[in-house]
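S.K.: With the hints as extra help, turn the sequences into a complete structure.
Protein sequences, first through last, are from chains A and B. Numbered according to the numbering used here, the first sequence spans residues 1 to 764. Numbered according to the numbering used here, the second sequence spans residues 1 to 764.
Keep in mind that the hints were calculated from the coordinates and are not lab data. Note that the coordinates shown come from a computational prediction; the quantities given were computed from them, not determined experimentally. Incorrect hints may appear among the rest.
The list treats identical chains as one, so a pair stands whether inside a single copy or across any two.
As the list claims (entries may be wrong) - Within a straight-line C-alpha distance of at most 20 angstroms, the following computed EDC-like cross-link-like pairs (lysine to aspartate or glutamate) qualify:
{"#": "1", "residue 1": "Lys16", "residue 2": "Glu215"}
{"#": "2", "residue 1": "Lys551", "residue 2": "Asp417"}
{"#": "3", "residue 1": "Lys301", "residue 2": "Glu190"}
{"#": "4", "residue 1": "Lys54", "residue 2": "Glu756"}
{"#": "5", "residue 1": "Lys549", "residue 2": "Glu575"}
{"#": "6", "residue 1": "Lys599", "residue 2": "Glu588"}
{"#": "7", "residue 1": "Lys598", "residue 2": "Glu576"}
{"#": "8", "residue 1": "Lys437", "residue 2": "Glu622"}
{"#": "9", "residue 1": "Lys273", "residue 2": "Glu107"}
Number of protein chains: 2
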Amino acid sequence: MSIIGKSASRLEGEAKVTGRAIYTVDVELPGMACGRILRSPYPHARLIEIDARKARALPGVLAVLTREELSEFNPYYGAAYRDQPIVALDKVRYAGDPVAAVAAVDESTAEEALALIELEYEELPAVMTVEEALAPDAPLVHEEAFEQGELQGFQYRAPDEFKGTNICYRFSFKKGDASEGFRQADYIFEDTFTLPAVHHYSMEAHSTVAQFDGERLALWASTQDPFILQNHLAEIFRLPANRIRIIVPYLGGGYGGKLSVKTEPLAVALSWKASRPVKIVHSVEESFKTITRHGARCRIKTGVAHDGRLMARECEIYMDTGAYADAGPRVTQKAGYRAPGPYRIPHMRTDAYTVYTNSVPAGAFRGFGTPQVSWAYESQMDIIAARLGLDPLELRLKNLLDKGEDFTPGDRPVDCDLREGLRRVAEAIGWHLPAGKPNSGKGLSCSMRDGGGAYKLASAAVKMNTDGSVVLFTGTVEMGQGAHTALSQIVAEELSAPLERVVVAQLDTDVTPYDAGTNASSSTVVMGLCVQRAARDLKRQLLARAAKKLKGRVENLTLREGKIHAGEGPGISFEEILTRWFGSRGGEIVGRGFYQDKKSKKAVLGFPTIFWEVSWGAAEIEIDPETGAIKILKYVSATDAGKAIHPVQCSGQDEGAVMTAIGHTLFEEMVYKDGALVNPNLVDYRLPYFNDLPKTFDSILIENQNGPGPYGAKGISEGGLLPVAPAISNALYRAAGVRIRDLPLTPEKVWRALKEKKAEGGRR
Amino acid sequence: MSIIGKSASRLEGEAKVTGRAIYTVDVELPGMACGRILRSPYPHARLIEIDARKARALPGVLAVLTREELSEFNPYYGAAYRDQPIVALDKVRYAGDPVAAVAAVDESTAEEALALIELEYEELPAVMTVEEALAPDAPLVHEEAFEQGELQGFQYRAPDEFKGTNICYRFSFKKGDASEGFRQADYIFEDTFTLPAVHHYSMEAHSTVAQFDGERLALWASTQDPFILQNHLAEIFRLPANRIRIIVPYLGGGYGGKLSVKTEPLAVALSWKASRPVKIVHSVEESFKTITRHGARCRIKTGVAHDGRLMARECEIYMDTGAYADAGPRVTQKAGYRAPGPYRIPHMRTDAYTVYTNSVPAGAFRGFGTPQVSWAYESQMDIIAARLGLDPLELRLKNLLDKGEDFTPGDRPVDCDLREGLRRVAEAIGWHLPAGKPNSGKGLSCSMRDGGGAYKLASAAVKMNTDGSVVLFTGTVEMGQGAHTALSQIVAEELSAPLERVVVAQLDTDVTPYDAGTNASSSTVVMGLCVQRAARDLKRQLLARAAKKLKGRVENLTLREGKIHAGEGPGISFEEILTRWFGSRGGEIVGRGFYQDKKSKKAVLGFPTIFWEVSWGAAEIEIDPETGAIKILKYVSATDAGKAIHPVQCSGQDEGAVMTAIGHTLFEEMVYKDGALVNPNLVDYRLPYFNDLPKTFDSILIENQNGPGPYGAKGISEGGLLPVAPAISNALYRAAGVRIRDLPLTPEKVWRALKEKKAEGGRR
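M.R.: What follows is the structure, encoded as structure tokens:
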């Protein structure tokens, strides 16, 4: 292969570094108004009265949207339930909940108008944590059950037993007989781990430009799944899908925070009312108040034989989904399903709950439920090893699933050698060497998630003009991950054409072939297959024509450097074949490719996993005993790429994932005070700095061509996050003997733990 | 059929009448500059020196384009020859020829900059008419031969014998033995007819917005053939086709004047130089100076038997193509080929010439060469009738080709009953009744042209979303003719779905399936077939799926009102089938349709005619003997629609065509003085007013389902123009006994003819 596996320049690289690349915020339309949102200051309150007359009367105000203007629409939407209104109807449910919105000729007029809206609230008691939400007689965030809102075929419903509670979904999963497993176990470990809500923090905040002209809606949106958004908007605004056109400019990062519906309905409703295009661009604070990652509490009970074999596990997971469910139920389901981790555990029992609280809604985030459980099970593995006096590496190697072994019956068997990756990170971190410094230590972790998502449906097209130039049509959003380059490499490889000959068309739901979304690390496999199939379909058409021209058989033709050859001759260029075909320089040929998941009754989740996204991490850290600060001396990440289409981008993705997880591990958490988020900005919300990165940072791509994607590729990039927190926490334990069960591992928390341990040591 | 043949509301009607519809002039891009063009004041001059330094230095000027900035590009382009430069290189060839262009922050700065460009010309003698151009030792408009520029497969070349002349193309055509035919004839008629250049006068002048970002070119353009334009721009700017994206908003009329390349390269070159989007919107005057219809001189010699049978014809046609050939050679070819008209003439000899002059370039215009010859042959038919004492109706009926008879061997035989239409207009005008008023008279005419163009290549796609809503992808430009509505009717009919369910996607060469252009009355047949095939392809996919679901055989399924039925059951909706198919509300199915002309060695023009566009006209006029003014009392137009997809639109097209031709007949002509066009505006260039329209105006659609298009449809709309001038002129003869051979029939010309006739009568 001449293009696959090579690290070409990014197709959109120059446009991005020169500032030419267009993001939604750059879209300007004639007559475009500025949209601004008024948000609730209270975490929970009844909305008694809203008087927008003064705002409406302000010169320059084009539309004011309150609950009184929603009668034309279906005001409720949501990825799992239709529980979220465009603006508050009866209640506000978190501090930041949109109450009203304004479209005005400019930003200052819009801001002024917001200030003129008069509101009367009746404050209600709020539930800010899972504990408060689950307390008996807790105030209810939602009094009623909601229609199922999911458009991708999943069925979510809270069992009847949870009526009148804040639980909106439960996923339960059993394998073997957990009680029996625990009876057989020699040791039983029971620990509870927590991690807080964190924010995605994309470089680009949520942005939308909506233009409803009375007949059709055009939307430029920072969305990872425009076709899903199209369906949501069709329902909300009672429009047929063909009257909604969503165009996705470049996206400045998604990480799950731009899936499903976010601020788009507000922009659309304002445009509808104002009869003008309306742009809404979030501030950082507003994006913080729009979507977050589920904070969670995970109680994990594991039975172990004396030799370290895992015998049984029971998991109880509470996911804090905030005021609206968003993708919470599906995240919960995945957390529950992945609770065994990459280990052989004959007896499993999981209950995972989605819980409403009066905080910012939580939805999809890289890892999608796995970080919440891998933090628990990989921390506990080291607790077990310590207790049994086993090497954490050996304990893991003993319990890891074999390649080809079932994770659960009916699902895709494990598709890589789990031990290989673990041994490689252990070796790279110098596992068997003593720590090089005082107050330092090493930790290991590995994780596995069912990658690629479910209910996947995707398609792609590849067009060749008669001059041999190529246009790729893909619904995969280029959000910084380099998908356009990787997918174009597949086209170029299949057509034996230079990569420069391929251009990716603007993503536009009117014309781009359907794709379910850029999520779940799916693009390389799912869209990659579509693109490969489309390119091969095109090639088949070319070869059939060339065979006539060259009087050869299709089987004997080869493609080399943009030409078709029969044997050793000079070959015939694509351009020549096509020009003869059409008798002119007009015309084109188009190849198409499709992908659709196949349902399986045998699979626990209804669909077999597309591929296993597997990752391993090893950390060496040093603790400052005076401050409790953790410095990462070295981090090694290994990820199973199957086949790296573009190795530099794969490593970049992996490094980025680790960096994100370092933030989650050491600093990040959304802090509420009196029901309100107090750190929705970069000063108070601590992201990793360059100085926080490991001094030495290795990313190992494992390539065994064992993926279902093109050339054996798998999806990567979410995996890298998963081992980070437990690897660092395990290193902390090995460096200083302290075990922290609640993320993040802030200096204060570490310092207190060190102090407590010292005190305990003193007491002993 | 429930939708075909019904006159639905136009799909884009509301958008247009409310002003919402977007035309190129409405496109606004951030940072967009205003482009303006400096034009030559001289009809023919050598460009000695050009100094743009002062213009460049003017604050607010972003780019100045002169011949010095063309080195990166292929500066010459053209539909038939690459004879036209982006801006003048060595010479200017007509008054209006672009010499330089400026992009500036606003219009006034651009205008100011134009005034600062210093030019030195050396005037050359000009040839303003065909006669001057053909005179011995006439100055040459072009000293050199040019590369063939046509991208649609035609080969044009002036024979070597014309080197060193202003003739750039000749089409010669023979059938039988003309000399022998004339020997056998009892009468020989030889007449010379002329008609002047006229302007298309679209409501929307030529407009372009170009945005070249260093890698890709996006162009919003008022073009009738964006894919052809894309190929031209690819050559000019040395870009692969996939780096050029042309978007066509609504078009405010085309009539042939927006085919091929017009001002687009100027906008692109300015954007290239300015690194900004650039908009160029022509004034009316500039559009007048951009493109026109060929003025022509046609000498026609016809041999007739004593009973009125046409025996032989010789035609010599000179088409004034102005300073650049544009589509002139092809127009000339068509004029030559169509010289027999709808009549059986066993012996034919035609020579048609394309001649350069120093006037505004002439290109495609409704009728495409036919008005130049039908004016001649239909006038002469009445001259023959008068001389032989035959009724003009009877003379025509005697000579009209039969249905099924060859026009030329190898071409499509005549596909309608030519006599039927003629009888119908004769009856409607009351042919056999005496004139109702003094100074009034009636005239008849009929005409036939090979419709649909040649080298036609087209494709379409129809997408159905899972909610059953439909998007049609078509390269046919909606330029006021109602094509989007008619094509959507075909989709709706094929899918038994309401018309409201169909939306037409924005035309965008990146994503719209290839189409050779909206011209030659081709859309209903050529694109109509593509659309019908695409809809049927989609239906086939739907039915295959429904058959599984309904456990029926595809053959036994029927579509009714958006549902699929097996027998009498309640049926299953499209939405239900698709949702089950994809397991969710995601997904789509796409049907595709193609059309490609088949070459034929037997056909004179290389391709058989797609359909015969036939039209008949009858006029009753009244002359004011004091002023010579012609008032049209009644006009009857009949057109062979095959099957009218949308009868109201067909009649509207036909009426519009007649109205245009009334202008050409009575008023319109481009007037030059000292080499410069003196009437490029609506004050001096006389278009028809409402008062000029016939008091009674009938449009008869003849529907015999004899066309090759969907449901037997044919293309219409150009045909209606053709009979108008001869019908009115023939009526003038019958009213007042004067025969005018030079259009337009201005009051002055008529008054002079009346006066001369009176004088002659006095002399006799």
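S.K.: Against this structure, judge whether each hint is valid.
M.R.: Verification of the hints:
For the identical chains of this complex, Lys16 and Glu215 are inter-copy neighbours only, at 12 angstroms across copies versus 34 angstroms inside a copy, given an alpha-carbon limit of 20 angstroms. Taking the closest pair of Cα atoms, Lys551 and Asp417 never come within 20 angstroms of each other, the shortest separation being 48 angstroms inside a single copy and 46 angstroms across copies. Taking CA atoms no more than 20 angstroms apart as the test, Lys301 paired with Glu190 passes inside one copy only; the shortest distance there is 4 angstroms, against 109 angstroms between copies. With identical chains, the CA atoms of Lys54 and Glu756 are never at most 20 angstroms apart, being 59 angstroms at best within one copy and 80 angstroms at best between copies.
For the homomeric pair Lys549 and Glu575, the shortest alpha-carbon distance inside one copy (13 angstroms) is at most 20 angstroms, but the shortest distance between copies (44 angstroms) is not. For the identical chains of this complex, Lys599 and Glu588 are inter-copy neighbours only, at 18 angstroms across copies versus 36 angstroms inside a copy, given an alpha-carbon limit of 20 angstroms. Taking the shortest alpha-carbon separations for Lys598 and Glu576, only the inter-copy value of 19 angstroms comes in at or below 20 angstroms, while the best intra-copy value is 41 angstroms. For a Cα distance limit of 20 angstroms, the shortest separation of Lys437 from Glu622 inside one copy, 8 angstroms, qualifies, whereas the shortest one across copies, 112 angstroms, does not.
In this homomeric assembly, Lys273 and Glu107 come within 20 angstroms of each other (Cα to Cα) only inside a single copy, at 18 angstroms, whereas the closest approach across copies is 34 angstroms.
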